[in-house]
Amino acid sequence: MIDQIPAIIVLAPLFGAMIIGLFGIRDHRVCLPVVFISLLVSLGASVAAAQQVFNVGTINYFVGGWEKPLGIGIHLKIDALNSLVLVVIGVVVMLVSFFSIRRVGERDTEKTPYFYILYLLLCVGLFGITITSDAFNLFVLIEVSSLTSYALIAMGSNKRGTVAAFNYVIMGTVGASFYLLGVGYLYLKTGSLNMDGIHAILMLETNDANVGASKATTVAFIFILVGIWIKMAFFPLYGWLPNAYTYCPSTSSCILAPLMTKVSVYVMIRVMITVFGLDWVFVELGWSQLVVWLAVIAILAGSMLALAQREIKKMLCYLIVAEVGYMVGGAWLADPDHWGMTGALYHILADAMMTLCLFLFAGIVAKRLGAFEISDLQGLFKKMPITSIGLVIGALAMIGVPPTCGFFSKFYLIRGAIEGGHWEFVAALLISSLVNAVLFFRIFEIAYFGNKPAEGHDHSHDHSDDSIEEGKGSDSTVLGREASWSSLFPLLASAAIIILLGVFNGEVVALIRVTFENSNHLSGLFR
Amino acid sequence: MSEFIQTNVQPYFNFWIYVVLMMIGLWALIAKNNLIKKLIGMSIFQTAIILFYVSLGVKDGSTIPILDHHGPEHHETADAGHDDVHEKEHGKKAEPHHADDHVGPNPDTIANPLPHVLMLTAIVVGVSTLGVALAIGQMIFKEFGTLEENEILEQIKAGNVDD
Numbered sequence: 001m002i003d004q005i006p007a008i009i010v011l012a013p014l015f016g017a018m019i020i021g022l023f024g025i026r027d028h029r030v031c032l033p034v035v036f037i038s039l040l041v042s043l044g045a046s047v048a049a050a051q052q053v054f055n056v057g058t059i060n061y062f063v064g065g066w067e068k069p070l071g072i073g074i075h076l077k078i079d080a081l082n083s084l085v086l087v088v089i090g091v092v093v094m095l096v097s098f099f100s101i102r103r104v105g106e107r108d109t110e111k112t113p114y115f116y117i118l119y120l121l122l123c124v125g126l127f128g129i130t131i132t133s134d135a136f137n138l139f140v141l142i143e144v145s146s147l148t149s150y151a152l153i154a155m156g157s158n159k160r161g162t163v164a165a166f167n168y169v170i171m172g173t174v175g176a177s178f179y180l181l182g183v184g185y186l187y188l189k190t191g192s193l194n195m196d197g198i199h200a201i202l203m204l205e206t207n208d209a210n211v212g213a214s215k216a217t218t219v220a221f222i223f224i225l226v227g228i229w230i231k232m233a234f235f236p237l238y239g240w241l242p243n244a245y246t247y248c249p250s251t252s253s254c255i256l257a258p259l260m261t262k263v264s265v266y267v268m269i270r271v272m273i274t275v276f277g278l279d280w281v282f283v284e285l286g287w288s289q290l291v292v293w294l295a296v297i298a299i300l301a302g303s304m305l306a307l308a309q310r311e312i313k314k315m316l317c318y319l320i321v322a323e324v325g326y327m328v329g330g331a332w333l334a335d336p337d338h339w340g341m342t343g344a345l346y347h348i349l350a351d352a353m354m355t356l357c358l359f360l361f362a363g364i365v366a367k368r369l370g371a372f373e374i375s376d377l378q379g380l381f382k383k384m385p386i387t388s389i390g391l392v393i394g395a396l397a398m399i400g401v402p403p404t405c406g407f408f409s410k411f412y413l414i415r416g417a418i419e420g421g422h423w424e425f426v427a428a429l430l431i432s433s434l435v436n437a438v439l440f441f442r443i444f445e446i447a448y449f450g451n452k453p454a455e456g457h458d459h460s461h462d463h464s465d466d467s468i469e470e471g472k473g474s475d476s477t478v479l480g481r482e483a484s485w486s487s488l489f490p491l492l493a494s495a496a497i498i499i500l501l502g503v504f505n506g507e508v509v510a511l512i513r514v515t516f517e518n519s520n521h522l523s524g525l526f527r
Numbered sequence: 001m002s003e004f005i006q007t008n009v010q011p012y013f014n015f016w017i018y019v020v021l022m023m024i025g026l027w028a029l030i031a032k033n034n035l036i037k038k039l040i041g042m043s044i045f046q047t048a049i050i051l052f053y054v055s056l057g058v059k060d061g062s063t064i065p066i067l068d069h070h071g072p073e074h075h076e077t078a079d080a081g082h083d084d085v086h087e088k089e090h091g092k093k094a095e096p097h098h099a100d101d102h103v104g105p106n107p108d109t110i111a112n113p114l115p116h117v118l119m120l121t122a123i124v125v126g127v128s129t130l131g132v133a134l135a136i137g138q139m140i141f142k143e144f145g146t147l148e149e150n151e152i153l154e155q156i157k158a159g160n161v162d163d
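Those protein sequence lines, which keep their order, are chains H and A.
Letter by letter, the first sequence follows residues 1 to 527 of our numbering.
Letter by letter, the second sequence follows residues 1 to 163 of our numbering.
In case anyone wonders, no lab produced these hints; they're calculated from the structure.
Cβ atoms here follow ideal geometry from the backbone N, Cα and C, with glycine treated the same way.
Heads up, some of the hints might be wrong.
Chain H stretches covered by chain A per the calculated footprint, using a threshold of three residues with CB under 8 Å from any CB of chain A [as the list claims (entries may be wrong)]:
| # | region |
| --- | --- |
| 1 | 140-147 |
| 2 | 156-167 |
| 3 | 177-190 |
Pairs of lysine to aspartate or glutamate, EDC-like flavour, derived with a Cα cap of 20 Å [unchecked claim]:
| # | chain 1 | residue 1 | chain 2 | residue 2 |
| --- | --- | --- | --- | --- |
| 4 | H | Lys382 | H | Glu445 |
| 5 | A | Lys157 | H | Glu311 |
| 6 | H | Lys383 | H | Glu445 |
| 7 | H | Lys189 | A | Glu143 |
| 8 | A | Lys157 | H | Asp27 |
| 9 | H | Lys383 | H | Glu373 |
| 10 | H | Lys159 | A | Glu149 |
| 11 | A | Lys59 | A | Glu3 |
| 12 | A | Lys32 | A | Glu154 |
| 13 | H | Lys189 | A | Asp108 |
| 14 | H | Lys111 | H | Asp3 |
| 15 | H | Lys215 | H | Asp279 |
| 16 | A | Lys37 | A | Glu148 |
| 17 | A | Lys32 | A | Glu151 |
| 18 | A | Lys32 | A | Asp108 |
| 19 | H | Lys189 | H | Glu311 |
| 20 | H | Lys159 | A | Asp60 |
| 21 | A | Lys37 | A | Glu143 |
| 22 | H | Lys159 | H | Glu311 |
| 23 | H | Lys215 | H | Glu284 |
| 24 | H | Lys159 | H | Glu373 |
| 25 | H | Lys382 | H | Glu482 |
| 26 | H | Lys111 | A | Glu143 |
| 27 | H | Lys159 | A | Asp108 |
| 28 | H | Lys111 | H | Asp27 |
| 29 | H | Lys159 | A | Glu154 |
| 30 | A | Lys37 | A | Asp108 |
| 31 | A | Lys32 | A | Glu149 |
| 32 | A | Lys142 | A | Glu154 |
| 33 | H | Lys189 | A | Asp60 |
Required output: the full structure, derived from the provided sequences and hints.
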């Protein structure tokens, strides 16, 4: 059983989705228990896997026992790089399932089982992207998660959500196709699809005088990079994100916003470290300067656009664009001790929890107060004191106030930027923190000092309600009261994890840096 | 010019076509106003990549990658295929016999099947993407009564003004 952990992580939600498909459509009561059991199994398996990785070492799992990478064997690998990402995905999807109880599970419309099937398949995709060690499987799993997220976004009854989902389909498909094209060039060059295999052969070639000047390798890298950048909404390619995440059902946005972009950032880092090797990326290609400047622009543009928004969710979406800039910039800082990369990996974990916390908050106030715009939040602290705790902690983490994880990720990113000599990145991080402070203290001010009752109900038909969560604005009995515990529990849990991640940042970073200890012998080749 | 075509275009004909197809698809994705035409562009774009992959596996004078169990060389193993133990024994005996040439068919004579197999998966992915996109397009048509992008955007703007 313990040997099969990598397969269990991916297969549990897949079987869950099948069971709902078989039985849940007739009897909706099947849905919730199946969702919880399968995700709990996945979460438990990923925690066990992480334990094994840090105590024993990397887990390699070959599906069907086809050990030699004869081209198309399915190779799952859990190492220091992805074990923590797996755990965070498990935690986030678990918390969002609690959030979905009232909104989807108990509403019991005919869409309920379909929602949960898509939800579990999305989990399959996300776990699979993180765990796979095969470049082509990665493409398939990216498409699994993307296809389900298109449907989850379009599921609402919001008109604009449908149009946003359509744009997302187009952009997402172009991104995935670029990635596929890049993998094609890599296969042409190396004859392998296994990430380790590709790396080994590329290394041979680099020693071969043919060197990294090989055009095919560079073209492959560019295609893969641009493809993943579209998927993660890196600045010039972010167009699909704000509308898609603003106008979708709040349960969908709670699962998509924290995970999709972060997992794509993980894919970029995985491709940089495992497939091409940091030496090739930073030394041979030498684009560090260019990409860090792009990230600087992304951070500044994301922050400024967030400042211009009146809607809560849209503001958070532009903050995601800025946060993606943090992570991409951090990963490309190319400082000798990899502190930038460490900061980026830590920020994947931290930002997943921060985004989750704030989107849960946005979902709760949308339902309870009918509040979609920042001005609707008047008097929030009095009306919903417990929900406000979530807002405050999430906001402080976004700004980067010490006990929260947001401070420490910025700390490591800035350390990497200083050691790598990228002062523009330091400046961008500090400006972005200031802008976040302005943004959130404006919200605090409205929520604390505003006394007028909320008047935003008439917006509801234009905004992010849907037939799964219908009647948000009109349901006068729930207006203005504290949210139910099934919604508050994930909010408070994510807030607690934000603080715990911050308090134990030293331990988490030590685990992350195991990656670079193992790859040190590779770095010695060129320096 | 003809020299350029002979040296650069003719040997890489498939790859030129794939680039042209891809650009046609990309142009439709960006420039077309009708959502269904955009989807057609998306489909062309994906098909171009399939052509690229299929071209990777092709070799001059190669045949389909199927093991010929009825040929004289492989008769023994084909018979023994019913029984694992037999197969191993025959395999051991057969080893010195074929020691000088390849075990199995000569790889130079068969096309590389792997990129083709990959494209089976990519075709499935493309079909499902197209299916989801068409379903979303249908929802858009139900809600807005049109599939022209500019009209949809106008309706969204007008809706916001009314609000």
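Hints and how they fare:
1. 140-147: This one holds; 3 residues, not fewer than the three required, reach chain A with a Cβ under 8 Å.
2. 156-167: Holds: 6 residues of the region 156-167 of chain H have a Cβ under 8 Å from chain A.
3. 177-190: holds (count 6)
4. Lys382/H <-> Glu445/H: Cα-Cα ~13 Å, so holds.
5. Lys157/A <-> Glu311/H: With Cα atoms ~16 Å apart, lysine 157/A and glutamate 311/H stay inside 20 Å; holds.
6. Lys383/H <-> Glu445/H: Distance ~15 Å between lysine 383/H and glutamate 445/H Cα, so the pair holds.
7. Lys189/H <-> Glu143/A: Judged against 20 Å, a Cα distance of about 48 Å means the pair is violated.
8. Lys157/A <-> Asp27/H: 41 Å, violated
9. Lys383/H <-> Glu373/H: 17 Å, holds
10. Lys159/H <-> Glu149/A: 14 Å, holds
11. Lys59/A <-> Glu3/A: Roughly 24 Å between the alpha carbons, so the hint for lysine 59/A and glutamate 3/A is violated.
12. Lys32/A <-> Glu154/A: 17 Å, holds
13. Lys189/H <-> Asp108/A: 18 Å, holds
14. Lys111/H <-> Asp3/H: 37 Å, violated
15. Lys215/H <-> Asp279/H: 17 Å, holds
16. Lys37/A <-> Glu148/A: Holds. Lysine 37/A to glutamate 148/A sits at ~10 Å (cutoff 20 Å).
17. Lys32/A <-> Glu151/A: 13 Å, holds
18. Lys32/A <-> Asp108/A: Outside the cut-off at roughly 45 Å; violated.
19. Lys189/H <-> Glu311/H: 48 Å, violated
20. Lys159/H <-> Asp60/A: The given pair, whose Cα atoms are some 53 Å apart, is violated under the 20 Å limit.
21. Lys37/A <-> Glu143/A: Holds: lysine 37/A and glutamate 143/A sit about 19 Å apart, inside 20 Å.
22. Lys159/H <-> Glu311/H: Status holds; Cα separation ~17 Å.
23. Lys215/H <-> Glu284/H: At roughly 12 Å apart (the allowed maximum being 20 Å), glutamate 284/H and lysine 215/H satisfy the hint.
24. Lys159/H <-> Glu373/H: Measuring from Cα to Cα gives roughly 18 Å; hence the hint holds.
25. Lys382/H <-> Glu482/H: Given that 20 Å is the threshold and the Cα spacing comes to 10 Å, the pair holds.
26. Lys111/H <-> Glu143/A: Status holds; Cα separation ~18 Å.
27. Lys159/H <-> Asp108/A: 56 Å, violated
28. Lys111/H <-> Asp27/H: Holds - the C-alpha atoms of aspartate 27/H and lysine 111/H are around 12 Å apart, at most 20 Å.
29. Lys159/H <-> Glu154/A: 13 Å, holds
30. Lys37/A <-> Asp108/A: 42 Å, violated
31. Lys32/A <-> Glu149/A: This hinted pair holds, its Cα atoms lying about 9 Å apart.
32. Lys142/A <-> Glu154/A: Answer holds: lysine 142/A to glutamate 154/A is near 16 Å, not above 20 Å.
33. Lys189/H <-> Asp60/A: 19 Å, holds
Consistency note: the structure conflicts with the earlier hints numbered 7, 8, 11, 14, 18, 19, 20, 27 and 30.
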